[in-house]
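With the hints as a guide, bring both chains together as one complex.
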Amino acid sequence: MRKATFSGRFDNLAEISEFVVGAAKEAGLNSSAVYAVELAVDEACTNIIEHAYGGEGKGDIQCCCDISKDSLTITLRDRGRPFDPNKVPVPKSKANLKNLKSGGAGLYLMRKMMDEVRFEFTKESGNILTLVKCKVSKSCVPD
Amino acid sequence: MEFKTTEYKRCDLIKTSGRIDGSNAPQLEEIFNTLTEAGKFKIVYNMSDINFMSSAGWWVLIRTQKKCRRYKRGELALACVDPKIRGALDLVGMGSYFKIFEDVTAAVGSF
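Protein chains in written order, with the numbering used here: chain A, 1 to 143; chain B, 1001 to 1111.
Since the hints were made in silico from the structure, they are not lab data.
There may be inaccurate statements among the hints.
List time: in silico PhoX-like cross-link candidates among lysine-lysine, alpha-carbon distance up to 25 Å [what the hints assert, rightly or not]:
1) K3(A) with K69(A)
2) K101(A) with K1072(B)
3) K98(A) with K1067(B)
4) K98(A) with K1040(B)
5) K1004(B) with K98(A)
6) K25(A) with K112(A)
These numbers were taken from a predicted model, which means no experiment stands behind them.
Only chain B is shown next, with the shape it has when bound in the complex (with noise of 0.2 Å):
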């Protein structure tokens, strides 16, 4: 999976293209992991590219969202959702779990 990490100040983005489904969610994970396990748990994931996410793709996001929230020490926040992907996330209630940005700079911003 090709990927792109931007470091801020405040949060670090993460960028993925393409489709998330049970043959990549592990490595979508492994990416997330490598963050939190450097102690980075302000995380802004830019999903404009992303234009397929199933099921094994938003227990990646819970999990990581549940590392981040932990202690209070930060936040996975969500930029550029597909209205599809958004809608099936908000359908089965995964989408109260996250902030979700319309664009980048307004997610980056609320760090």
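Next comes chain A alone, as it looks inside the complex (with noise of 0.2 Å):
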């Protein structure tokens, strides 16, 4: 297991991004699936800084990369505010251009990129994200 410890900077993404894409790699995912994974860990790490700590360096994302026969499960965990995933709102599709709004992108990316998406919060561990991408899985983005 693959496990390192990020300050929640938005310029750690890509040193994270890079700790993941070599996990995914080492897993053998397919070009597509490694993408996948560093998109969906770049969003989720966005959405713990911005949302979870409510800005820079405000605490840390420890982040986990366990690969297995079938499956590349990555934990992140922090000690931010708790995340409920049912209040961020689904983009909407086809909206008039001057409506749209930003927001909700990165976790509805998150559950597109990904096989497996779990959010638990507890007040011993904090939230705790967990992704899993399947070695055989439903590809989102082209070779």
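As structure tokens, then:
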């Protein structure tokens, strides 16, 4: 299992990406699946910094990558505010450009890019986000 | 963020490279804002050297497109978009807000 802790800063997103991309390649995922993992984790960490911590430099993000025979499991932990995915609006598709408002795309993407997305929160452990990408996966992004 | 702008008769071309995420999306927005604040609304964004773009970057493109299309005064056209970036853009329905060209010549020629 690969494990690393990063300060919750946007400047660290590239390093976090490098870390998970390394694990995704080691897991033997194809290039579109590697990109899907990179994008999902970037969106997740951006949400942690913006919403759970409410800004940069307010806490850490712990990232664990676990490779099994069939899948790659990424676990992201933070100590920010509890995150309730049900409160995030689903982005409107085909909305008029003028009416398009930012927000919600990150979570939507995570769900589309990964095979499993699980959110947990406990007072003891904080937020735990589990992202699973199967080696034989629905491919969302072209090769 | 390194960038290059080229002025054409009918439009302006912007090129940046590397990865666009929450750390540098504001810089990308500043680059576009410099053009739109100068009254330039016909823009081609050459994405041939962009290998990753998160939704933070996409929202910059959406906000810029809104400014360009206001009063039908222009357009932000995208060129040479990596298929993986385009796939993700289309997945959330954002691809439909842009004219996307295979090469820069076609994008510049569209104005």
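Cross-check of the supplied hints:
1. This hinted pair checks out: K3(A) and K69(A) have alpha carbons roughly 19 Å apart, not beyond 25 Å.
2. Taking the CA atoms of K101(A) and K1072(B), the gap is about 20 Å. The hint holds against a cut of 25 Å.
3. About 10 Å separates the Cα atoms of K98(A) and K1067(B), which keeps this hinted pair within 25 Å; it holds.
4. Taken as a hint, the K98(A) and K1040(B) pair is honoured in the structure, with Cα atoms around 19 Å apart against an allowance of 25 Å.
5. About 29 Å separates the Cα atoms of K1004(B) and K98(A), which puts this hinted pair outside 25 Å; it is violated.
6. Note on K25(A) and K112(A): the hinted pairing holds, with a Cα-Cα distance of about 20 Å set against a maximum of 25 Å.
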